[in-house]
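Novice: Spelled out from the first residue to the last, the chains are:
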Amino acid sequence: DAGVTQSPTHLIKTRGQQVTLRCSPKSGHDTVSWYQQALGQGPQFIFQYYEEEERQRGNFPDRFSGHQFPNYSSELNVNALLLGDSALYLCASSLGLAGGQETQYFGPGTRLLVL
Amino acid sequence: QKEVEQNSGPLSVPEGAIASLNCTYSDRGSQSFFWYRQYSGKSPELIMFIYSNGDKEDGRFTAQLNKASQYVSLLIRDSQPSDSATYLCAVRYGNNRLAFGKGNQVVVIP
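Protein chains in written order, with the working numbering: chain A, 5 to 119; chain B, 21 to 130.
Treat the hints as calculated values from the structure; they're not laboratory data.
Worth double-checking, as some hints may not be accurate.
Claimed, not checked - Chain A stretches covered by chain B per the calculated footprint, using a threshold of three residues with CB under 8 Å from any CB of chain B:
(1) 23–32
(2) 86–100
Said to hold, decoys possible - Some chain A residues flagged as far from chain B (calculated, every beta-carbon gap over 12 Å):
(3) 6
(4) 8
(5) 17
(6) 19
(7) 44
(8) 45
(9) 77
(10) 106
(11) 108
(12) 115
None of the values given here were measured: they were computed from a predicted structure.
We put the CB at the ideal spot given by N, CA and C, even for glycine.
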């Protein structure tokens, strides 16, 4: 049973560039949530995708956008990178039943460094 | 006021002792609470969830929930060096959005 996978594992970009991170959910899961974890902090919710639509969004600027594909995999795009975007980006998958009350399981994360 | 607060500094416990971690949350209507363990450089791993007031035990871990006091705790009995990690408290809001505390680092001393 494949768990949540993310790619790439590490990424180095420069300020102003754009980046795309990818996530494949756990087998049988249809909901993907993205979180940003800065060093020494807890994960912060970016947004959640269910049925190929953004279902809810955290307090992140429009530079952060996403997409979910028919196979439930998801991408996180960040435009105009800032130094402060350096963080571990986590994807969590769950089963989006009515009310979305299922447990979230995290992938290994993508560590992004912006120089 | 932060949605989830974990205010304790790093916790050092001798091997075999009990580690106690605490977490408070702001939304009185919250129903679901989670503890994740995160090793350095790794992603969070779910170790416990609790929905009802009282205690829930799973092996060496016990989660305690007091909704009236808006307080969740985690006890780790017979602490092992492999328990050395950061423990994240999370509360579910809205449509399955998790709000996390900043975490508590636990160091088990052999």
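Novice: Can we confirm that no CB of chain B comes within 12 Å of the CB of residue 19 of chain A?
Specialist: holds, 25 Å
Novice: Mind taking a look at whether chain B covers the segment 23–32 of chain A? Criterion is 3 or more residues with CB to CB distance under 8 Å.
Specialist: It is violated: at least three residues are needed, and the segment 23–32 of chain A offers just 0 whose Cβ sits closer than 8 Å to chain B.
Novice: Per the stated criterion, does the least C-beta distance between residue 106 of chain A and chain B lie above 12 Å, as a non-interface residue requires?
Specialist: violated, 7 Å
Novice: Is it the case that residue 77 of chain A keeps its Cβ farther than 12 Å from each residue Cβ in chain B?
Specialist: holds, 17 Å
Novice: Do at least three Cβ atoms from the segment 86–100 of chain A come closer than 8 Å to Cβ atoms of chain B?
Specialist: Since three or more residues must qualify, the claim that chain B covers the segment 86–100 of chain A holds, with 5 doing so at under 8 Å.
Novice: Is the claim that residue 8 of chain A lies outside the interface with chain B correct, judged by CB distances over 12 Å?
Specialist: The assertion about residue 8 of chain A is violated, with a minimum of 9 Å to chain B.
Novice: Check the non-interface label on residue 6 of chain A: least C-beta distance to chain B beyond 12 Å or not.
Specialist: Holds: least Cβ distance 15 Å, greater than 12 Å.
Novice: Taking C-beta pairs only, is residue 17 of chain A more than 12 Å away from all of chain B?
Specialist: For residue 17 of chain A, whose nearest Cβ neighbour in chain B is about 20 Å away, the distance exceeds 12 Å, so it holds.
Novice: Confirm or reject the statement that residue 44 of chain A sits farther than 12 Å, beta carbon to beta carbon, from all of chain B.
Specialist: Violated: least Cβ distance 7 Å, not greater than 12 Å.
Novice: The output says residue 115 of chain A does not contact chain B. Does that hold with a beta carbon cutoff of 12 Å?
Specialist: violated, 8 Å
Novice: Please confirm whether residue 108 of chain A is truly not at the interface, meaning its C-beta sits more than 12 Å away from all C-beta atoms of chain B.
Specialist: violated, 6 Å
Novice: Going by Cβ atoms, does residue 45 of chain A stay more than 12 Å from chain B at every point?
Specialist: Check fails; 5 Å does not lie beyond 12 Å.
Checked against the numbered hints given earlier, this structure breaks hints 1, 4, 7, 8, 10, 11 and 12; the rest are met.
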